[in-house]
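All chains, please: the whole structure from these sequences, using the hints.
So you can see what is in the structure, the chains are spelled out below.
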Amino acid sequence: KQEVTQIPAALSVPEGENLVLNCSFTDSAIYNLQWFRQDPGKGLTSLLLIQSSQREQTSGRLNASLDKSSGRSTLYIAASQPGDSATYLCAVSVLTQGGSEKLVFGKGTKLTVNP
Amino acid sequence: GAGVSQSPSNKVTEKGKDVELRCDPISGHTALYWYRQSLGQGLEFLIYFQGNSAPDKSGLPSDRFSAERTGGSVSTLTIQRTQQEDSAVYLCASSLVAGLGRHEQYFGPGTRLTVT
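First to last, the sequence lines map onto chains B and R. 327 is the number of the first residue of the first sequence in our numbering; add one for each residue after it. 11 is the number of the first residue of the second sequence in our numbering; add one for each residue after it.
Misleading hints may appear alongside valid ones.
For lysine-lysine, the following PhoX-like pairs were computed, each having C-alpha atoms within a straight-line distance of at most 20 Å [as the list claims (entries may be wrong)]:
(1) R:Lys67 to B:Lys327
(2) B:Lys436 to B:Lys368
(3) R:Lys21 to B:Lys368
(4) B:Lys327 to B:Lys368
(5) B:Lys394 to B:Lys327
Hints listed in this document are in silico derivations from the structure and should not be mistaken for laboratory results.
Below you can see the structure in the form of structure tokens.
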């Protein structure tokens, strides 16, 4: 059974700092890995998707890496801003028992960027 | 363009009542997913629809849960005889499908269900 773990559970940093969020998964049989952010009381916003054959993806100040063989991904946020404060969720796409696809999520890292 | 929409945004119901939650996916997205986010369990998969194919119900927690997708678009998740442990945020997502895992899933804002 696929399990996704995110460390740390919470992180508080001063504005302007570069930071890394970690995600690990137990089974390397994944189709892709997605990073999402979730603001309080809101749905999920997709940040980056890395296909299983890729090593990294970049979007603006965000960079995500994937090492499928070791079951690890990192999300790097450069020059953090107070608007980056949110919960960041990592999810891997896997085959379901019914033969389709689903996302398996970690429990998230709650990030607070202090002005 | 419009994203995934869900209604209602909040629903409070008494234990034992039935509830229906609605999801409107992004136009043109053939895949639709339901997930549940609860305090103890995090986010978990419930059901998957792809076009007119039979749904993948492998994530449904009990036979009190069912879902339909009419005309390959709007979906309704029904929970019968609600229990307090059904209290959670129910999230819907949609994606384009051109092979497993090819496309990202786009999520709606969710329906917060509270069973009293």
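Here's how the hints hold up against the structure:
Straight-line distance between C-alpha atoms of Lys67 of chain R and Lys327 of chain B comes to about 17 Å, which keeps the hinted pair within the 20 Å bound. Between Lys436 of chain B and Lys368 of chain B, the direct Cα distance comes to roughly 14 Å. Compliance with the 20 Å bound is thereby established for this hinted pair. Restraint check for Lys21 of chain R and Lys368 of chain B: the C-alpha separation of about 15 Å stays at or below 20 Å, so the hint holds. The suggested pairing of Lys327 of chain B with Lys368 of chain B is violated, with an alpha-carbon distance near 28 Å, which exceeds 20 Å.
Of the supplied pair hints, the one linking Lys394 of chain B and Lys327 of chain B holds, its CA atoms being roughly 16 Å apart against a limit of 20 Å.
The structure fails hint 4 only (numbered hints given earlier).
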